[in-house]
Amino acid sequence: MLKLKNVQTFYGNIQALKDVTIEISEGEIITLIGANGAGKTTTLMAVCGIVPPRSGEISFMGEPITGMEPDKIVSLGICQVPEGRRIFPYLSVAENLDMGAFLRNDRAEIKKDMEYVFDLFPILAERRHQAGGTLSGGEQQMLAISRALMARPRLLLLDEPSLGLAPLIVKQIFEILIKINAENNTTIFLVEQNANLALKVAARGYVMENGRITLTDLSENLLANEEVKKAYLGF
Amino acid sequence: MDYFLELFLGGLTRGSIYALIALGYTMVYGIIGLINFAHGEIYMIGAFTALIVISVLTLMGMNTLAILVIAGVIAVIYSSAYGYTVEKIAYKPLRNAPRLSALISAIGMSLFLQNYVLLAQTSDFLPFPCLIPDFEFMEPYAHIIGSTEIVILITTAVVMVLLTIMIKFTKIGKAMRATSQDKTMAMLVGINVNRVISVTFIVGSATAAIGGVLIASHVGMINFYVGFIAGIKAFVAAVLGGIGSIPGAVLGSFILGWTESFATGYVSSDYEDVFAFLFLVLILIFRPAGILGRSEKYKI
Ligand SMILES: Nc1ncnc2c1ncn2[C@@H]1O[C@H](COP(=O)(O)OP(=O)(O)OP(=O)(O)O)[C@@H](O)[C@H]1O
Ligand SMILES: [Mg+2]
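Protein sequence lines correspond, in order, to chains A and B. In this text, residue positions in the first sequence follow the working numbering: the first is 1, and each later residue adds one. In this text, residue positions in the second sequence follow the working numbering: the first is 236, and each later residue adds one.
If you are wondering where the hints come from, they were derived from the structure by calculation, not from laboratory data. Yeah, the Cβ is synthetic: ideal placement off N, Cα and C, and Gly gets one too. It is possible that part of the hints are untrue.
[Said to hold, decoys possible] Sample of chain B residues with no beta-carbon within 10 Å of chain A, all distances over it, derived: (1) Ile-367; (2) Ala-377; (3) Ile-380; (4) Thr-399; (5) Ala-421; (6) Ile-426; (7) Phe-463.
[Claimed, not checked] Simulated restraints, written as ranges between beta carbons of each label pair: (8) A:Tyr-11 with B:Ile-467: 56 to 64 Å; (9) B:Ala-316 with A:Ser-136: 41 to 49 Å; (10) B:Ala-316 with A:Ala-131: 34 to 42 Å; (11) B:Leu-519 with A:Ala-203: 53 to 61 Å; (12) A:Leu-215 with B:Arg-529: 40 to 48 Å; (13) B:Ile-342 with A:Ala-182: 28 to 36 Å; (14) A:Ser-136 with B:Arg-330: 46 to 54 Å; (15) B:Asp-359 with A:Asn-105: 33 to 41 Å; (16) B:Leu-397 with A:Asp-19: 48 to 56 Å; (17) B:Phe-497 with A:Asn-13: 15 to 23 Å; (18) A:Asp-19 with B:Ile-464: 35 to 43 Å.
[Unchecked claim] So, partial list: chain B residues that the calculated Cβ filter (under 10 Å) puts toward chain A: (19) Met-422; (20) Val-424; (21) Asn-427.
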């Protein structure tokens, strides 16, 4: 479904991604793990057209999307829940959700989807008229995921959704991700530093170091891999 | 009491004009963090366009109120086209350059447009016909407020209401707010940020053109330099209210209008500008972000 082939990305003269090749099939959950500064966020931003690759190719459903404008990429069904959540702080919860559905015009269906995410996260329904910036971290993460769902994505990219959240909330959020994947067949590309958690949810994983993919395997094998254990699992 | 009321309404009228211009400054700043120095010139071009249209239509012998409306509409279209083009030529290529580059480009644009109108027209003040008739129903209040002022106040109120509805409830309005809060995230939800920026320039230019036509028929003359003066005043008003904030720009404009009006009326007309700037300095000392401004945290 999504293919990155030999992607190289630069910030000025600094190379952030080196020869990155990743492939995801429809309906899969895969994860990309790596330390701080490895290039995980850059990978997602490259897919979304925010940091276009200098060379290499990105394709979605067989069509090249390299160098496409970000709004065109979203219109194909690729949505990101970015690092730090990036809720529009002065828009209300409902308006944040409206923004998620920005490219859609089917009002009745949008309304239905809003009910659907309120069902997933009832706390958002309670807070619907509150400014996004006043929500707690966990609520903001729920809102960020809901906002992405409002676009009815085919591919959902998540950048460290567990960061800074209490274990109970993290558990709740991951259960919902699994549910979304199962119910809507939404493909999920999960970036995490919490490798233990990510590898339990995802079927396969990629390990990134200094902008390079150094390892890729089924999650169960990565969980058993000595190097991965030492570097990312903390034992 | 009548004198106080006269000054109050006079200040309100001035404030309305400042507000129509200040909106453009504050909206553009809110979206791309740029002080658009060429904005005053857009307003000046609006007034000149109207003058040309009025001259032609008057020769054709049309009804005055119809002339004013047609001239206003054409001025709005023309100024919007200028605003749109200025952004595309002078600011868009510098979107990712340091802020100072775009600022210098804006000053350059301002000088260019002034001199362009200077060459195309003349440096002399040109008389601008007042096309607003003295309404009969206004007669009993004529010593407090004139018909032109009433038209200015009503037009401004209508523009403000329409703009508020647009920003608060329409899709493009919400996209404008989202873009001003987080441009990258706006792109990630599928907003075409370039289009939002263009719309912002068009809307800001349109309101400035309305201000230009109204004030020109109020004052009765224009030259190539009027945009600069009015632009600086409106800019002060926008900073006073908190640049980036739309209600702030309106509030700052009214405060500035009243300050000038009362200072002129009760103290001396020589000190009009002194009072305005004194006020600005005082407010910025106690509230650096302006009256309704937000702290820098979320201004992107
Ligand atoms: N806007 C930028 N300008 C310059 N360099 C950047 C920029 N963003 C990221 N980098 C650099 O690119 C490299 C990869 O950063 P990236 O944010 O993709 O890492 P990451 O894996 O997401 O890290 P983290 O786990 O901390 O989020 C880092 O060395 C970082 O310093
Ligand atoms: Mg990151």
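Looking at the structure, which of the earlier hints fail to hold? Result: hints 5, 6, 8, 13, 14, 15, 17, 18 break, sorted rising.
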